[in-house]
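There are 2 protein chains.
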Amino acid sequence: MITIYGKRSSGNCYKLQLLLDQLGHDYRWIEVDSARGETRTAEYLAKNPNGKVPLLELDDGRRLAESDAILCYLAEGTSYLPNDAWLRAQTLQWLFFEQYSHEPYIAVARFISLYLPADHPRRAELPQLHQQGAKALAVMEAHLASHDWLAGERYSIADIALYAYTHCAADGGFDLAVYPAILAWLARVKSQPGYSPLQH
Amino acid sequence: MITIYGKRSSGNCYKLQLLLDQLGHDYRWIEVDSARGETRTAEYLAKNPNGKVPLLELDDGRRLAESDAILCYLAEGTSYLPNDAWLRAQTLQWLFFEQYSHEPYIAVARFISLYLPADHPRRAELPQLHQQGAKALAVMEAHLASHDWLAGERYSIADIALYAYTHCAADGGFDLAVYPAILAWLARVKSQPGYSPLQH
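Protein chains in written order, with the numbering used here: chain A, 1 to 200; chain B, 1 to 200.
Please note that a few of the clues may not be correct.
As the list claims (entries may be wrong) - Here are the simulated PhoX-like cross-link-like pairs (lysine-lysine), alpha carbons at most 25 Å apart as the crow flies:
#1 A:K7 - B:K7
#2 B:K135 - B:K190
#3 A:K47 - A:K7
#4 A:K190 - A:K7
#5 A:K135 - B:K47
#6 A:K135 - B:K7
#7 B:K7 - B:K190
#8 B:K47 - B:K7
#9 B:K135 - A:K47
#10 A:K135 - A:K190
No wet-lab data here; the hints were simulated from the structure.
Next comes chain A alone, as it looks inside the complex (with noise of 0.2 Å):
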């Protein structure tokens, strides 16, 4: 059985959680609270030189970091990810607008929000964070508006791994009632079969 080394109120793990869930897959789930520091362990930087969570285990100890890159090689053969060469490369392109111009923002503004106390220096950043992930949220928007999925005609892991940090940006101070076509994506999303909500 594989294993995830996850923090089950993060994104980037959530998405490994509902594709899993999704495919009825089953797996154990460690839990690793970086708030505590133990992704910063001797024992844990071990396993994921990079200090990050989620990190999937296979039986035999081979591992894999990066959560859209868990993605791709656990939603490999199925539906999640197209065969199509043209596809699957949109499903990587809204992927990597994830890594670089959604979550930075988008989920760092939950995290100071949700996290740090109210006079924590770093609330300063959250009107840059605002300002950036707005452009990501438009983006979305823009596409969404005459598409019903990310990545071609069906559910894909473009679509899980945006909904992580999306579904809940409210968490963070962004206002999705201004994205009308987001949010019948996400309603969308959420009555997937196998769907599993994001544990606080």
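Since chain A is already given, all that's left is putting chain B on it; use the hints.
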């Protein structure tokens, strides 16, 4: 013939130049200077709504953004992207590492150092960028101390993606002399057939 919209001096764009030159693949290069706002024009945003270079355009008008997604698409079916599922996953792991844990520090330090005036307020970001960038370089150094290449036993797009901003990290104030395994790997990349240098 495929078209690349890119900025020759950008490491993210250079990745595509390097792969295409090594593949011996013909391409048209259209220079788009993000520093002059050329990625924010209405015409360019119609091509890439995220307003970034590089962008791949096929003859039939289809377009693909995100440097590392383009690398995967162009390398499919060649030795630069492994066929084996696990090696492919490792390749993707390094590509996502590059975009999340490496480029935002090492490329941004280079941008600030090379292109912003000596008294620019963004220079205050450099110490933090150097600290985070050093973490990424340490992860690479540890891997390369016992492996010739990043993903498996062959040169791949994982090496190309990370070479792009690592080989010019000194532009941003990083001293690579303290990373002997990285220096040896940079020399191995440079000696690959079809290698072409970054154009400043």
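Going through the hints against the structure:
1. A:K7 - B:K7: violated (39 Å)
2. B:K135 - B:K190: Within the cut-off at roughly 24 Å; holds.
3. A:K47 - A:K7: holds (16 Å)
4. A:K190 - A:K7: holds (21 Å)
5. A:K135 - B:K47: holds (16 Å)
6. A:K135 - B:K7: holds (22 Å)
7. B:K7 - B:K190: holds (21 Å)
8. B:K47 - B:K7: holds (16 Å)
9. B:K135 - A:K47: holds (16 Å)
10. A:K135 - A:K190: Between K135 of chain A and K190 of chain A the Cα gap is close to 24 Å, so the pair holds against 25 Å.
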